[in-house]
Amino acid sequence: MSSLRLQAAMVVGSAILFLLVFVANEWLFNSTGFEFTRGMNWIYLPAGMRLLCTLLFAGAGAVGILIASWITCIFYFFPDDPMRSFAGGIASAAAPYLVYKLAQQMYGLQASLVNLNAKRLLFLSLAYSVANPALHHLWLLLRGEAVMSGFFVMVLGDFLGTLVVLYAVKLALAFLPALARHEKNRPPSA
Numbered sequence: 010m011s012s013l014r015l016q017a018a019m020v021v022g023s024a025i026l027f028l029l030v031f032v033a034n035e036w037l038f039n040s041t042g043f044e045f046t047r048g049m050n051w052i053y054l055p056a057g058m059r060l061l062c063t064l065l066f067a068g069a070g071a072v073g074i075l076i077a078s079w080i081t082c083i084f085y086f087f088p089d090d091p092m093r094s095f096a097g098g099i100a101s102a103a104a105p106y107l108v109y110k111l112a113q114q115m116y117g118l119q120a121s122l123v124n125l126n127a128k129r130l131l132f133l134s135l136a137y138s139v140a141n142p143a144l145h146h147l148w149l150l151l152r153g154e155a156v157m158s159g160f161f162v163m164v165l166g167d168f169l170g171t172l173v174v175l176y177a178v179k180l181a182l183a184f185l186p187a188l189a190r191h192e193k194n195r196p197p198s199a
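Residue numbering for the sequence shown follows the numbering used here, beginning at 10 and increasing consecutively.
By construction, these hints were calculated from the structure, which means they are not laboratory data. Quick reminder that beta carbons are idealized off the backbone N, C-alpha and C, glycines included. Among the hints, erroneous ones may be present.
Unchecked claim - Listed below are the simulated SDA-like cross-link pairs for lysine to any residue, each with C-alpha atoms no more than 25 Å apart in a straight line: (1) Lys110 - Gly68; (2) Lys128 - Ala103; (3) Lys128 - Trp51; (4) Lys110 - Ala120; (5) Lys128 - Phe86; (6) Lys110 - Trp148; (7) Lys179 - Trp51; (8) Lys128 - Leu180; (9) Lys110 - Asn124; (10) Lys110 - Ser121; (11) Lys110 - Phe38; (12) Lys110 - Leu125; (13) Lys128 - Val162; (14) Lys179 - Asn124; (15) Lys110 - Phe160; (16) Lys179 - Ala69; (17) Lys179 - Phe132; (18) Lys179 - Arg93; (19) Lys110 - Leu130; (20) Lys128 - Val139; (21) Lys128 - Trp148; (22) Lys128 - Leu169; (23) Lys179 - Leu28; (24) Lys128 - Ala67.
Unchecked claim - Pair ranges (Cβ atoms, derived): (25) Leu185 - Ala33: 34 to 42 Å; (26) Ala18 - Ala127: 24 to 32 Å; (27) Ser40 - Gly68: 17 to 25 Å.
Make a model of the complete structure from these sequences and hints.
Right under this line is the structure:
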C-alpha cells in the first residue's frame with residue numbers, strides 16, 4: 010500500500026471509529042442521565058477514541074478526528090453556529106495531538122507504542138482529559154461565554170471515557186493471542 014493510501018486509510022478509519030463510538034455513546038449514556046448538558050457527559054467514550062487514534066496514527070489520526078468532530082459539531086451539536094462548530098472541531102483534534110507530541114517529547118514515543126506502559130498511558134489520559142476541556146473552554150471564554158461549571162464535568166467525562174476505551178482495547182488485544190492459539194489447535198472440520 011502506498012504511503013498516501015495508508016495515510017488516507019488512517020484518516021478515514023479514525024473518522025469512522027470516532028463516529029461509531031460517538032453514536033454508541035449517545036445511545037448508551039444520553040438516555041440514562043449521564044449527560045450533564047449537550048456535548049458534556051459524565052462518561053464520554055469518544056474522548057478515548059480521539060486519544061487512541063492520535064496515538065496510533067499520529068497526524069493522520071488527528072485529521073480523521075478533526076473531520077469527524079466537524080461532522081458531529083456541524084450536524085448535531087451546533088448546527089446553527091458554524092463558528093462554534095469550526096472551533097469545537099479544532100479543539101477536539103488539537104488536544105489529543107498535543108498530548109501525542111508531549112508523549113514523543115517526554116517518552117520518546119515510538120510508532121509501535123512499545124514504550125507506552127500503563128503508568129504513562131494513565132498520565133497521557135489525564136493530560137488529554139485536562140487539555141481537551143481547557144481548549145474548549147478557552148474558546149468559550151474568548152467568546153464571552155462563562156461556562157466553567159462544565160469544565161470539571163468534561164475533565165471527568167473525558168478521563169473516564171478514555172480509560173474505558175483504552176482498557177477495553179487493551180483487554181481485547183490480550184485475548185487475540187489466546188484466540189489465535191485456540192484456532193491453531195482446533196482440529197480441521199471434515
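Hints versus structure:
Between Lys110 and Gly68, the direct Cα distance comes to roughly 10 Å. Compliance with the 25 Å bound is thereby established for this hinted pair. Of the supplied pair hints, the one linking Lys128 and Ala103 holds, its CA atoms being roughly 23 Å apart against a limit of 25 Å. Taken as a hint, the Lys128 and Trp51 pair is honoured in the structure, with Cα atoms around 23 Å apart against an allowance of 25 Å. For the suggested pair Lys110 and Ala120, the alpha carbons sit about 12 Å apart, so the restraint of at most 25 Å is met.
With a C-alpha separation of about 34 Å, the suggested pair Lys128 and Phe86 falls outside the 25 Å cut-off, and the hint is violated. Restraint check for Lys110 and Trp148: the C-alpha separation of about 21 Å stays at or below 25 Å, so the hint holds. At most 25 Å may separate the alpha-carbon atoms for a hinted pair to count; Lys179 and Trp51 meet this at roughly 22 Å. This hinted pair checks out: Lys128 and Leu180 have alpha carbons roughly 16 Å apart, not beyond 25 Å.
Taking the CA atoms of Lys110 and Asn124, the gap is about 15 Å. The hint holds against a cut of 25 Å. The suggested pairing of Lys110 with Ser121 holds, with an alpha-carbon distance near 15 Å, which does not exceed 25 Å. Taken as a hint, the Lys110 and Phe38 pair is broken in the structure, with Cα atoms around 31 Å apart against an allowance of 25 Å. Straight-line distance between C-alpha atoms of Lys110 and Leu125 comes to about 13 Å, which keeps the hinted pair within the 25 Å bound.
Between Lys128 and Val162 the CA atoms are separated by roughly 23 Å; this keeps the pair inside 25 Å, and the hint holds. Straight-line distance between C-alpha atoms of Lys179 and Asn124 comes to about 15 Å, which keeps the hinted pair within the 25 Å bound. Among the hinted pairs, Lys110 with Phe160 is consistent with the structure: their alpha-carbon atoms are about 23 Å apart, no more than 25 Å. In summary, the hint linking Lys179 to Ala69 is supported, as the alpha carbons are separated by about 22 Å, within the 25 Å threshold.
With a C-alpha separation of about 16 Å, the suggested pair Lys179 and Phe132 falls inside the 25 Å cut-off, and the hint holds. Taking the CA atoms of Lys179 and Arg93, the gap is about 34 Å. The hint is violated against a cut of 25 Å. Between the alpha carbons of Lys110 and Leu130 the distance comes to roughly 14 Å, so the proposed pair stays at or under 25 Å and holds. Distance restraint check for Lys128 and Val139: the Cα-Cα separation of roughly 17 Å lies within the 25 Å cut-off, and the hinted pair is therefore satisfied.
For the proposed pair Lys128 and Trp148, the alpha carbon gap of about 31 Å is over 25 Å, so the pair is violated. With a C-alpha separation of about 16 Å, the suggested pairing of Lys128 with Leu169 holds against the 25 Å cut-off. For the hint pairing Lys179 with Leu28, the CA-to-CA distance comes to about 20 Å; that is within 25 Å, so the pair holds. For a cut-off of 25 Å, the pair hint linking Lys128 to Ala67 stands: about 20 Å separates their Cα positions.
For the pair Leu185 and Ala33, the beta carbons lie near 21 Å from each other, so the given range of 34 to 42 Å is not met. Our hint of 24 to 32 Å for Ala18 and Ala127 holds, since their Cβ atoms are close to 29 Å apart. For the hinted restraint 17 to 25 Å between Ser40 and Gly68, the CB-CB distance of approximately 36 Å leaves it violated.
The earlier numbered hints that this structure contradicts are 5, 11, 18, 21, 25, 27.
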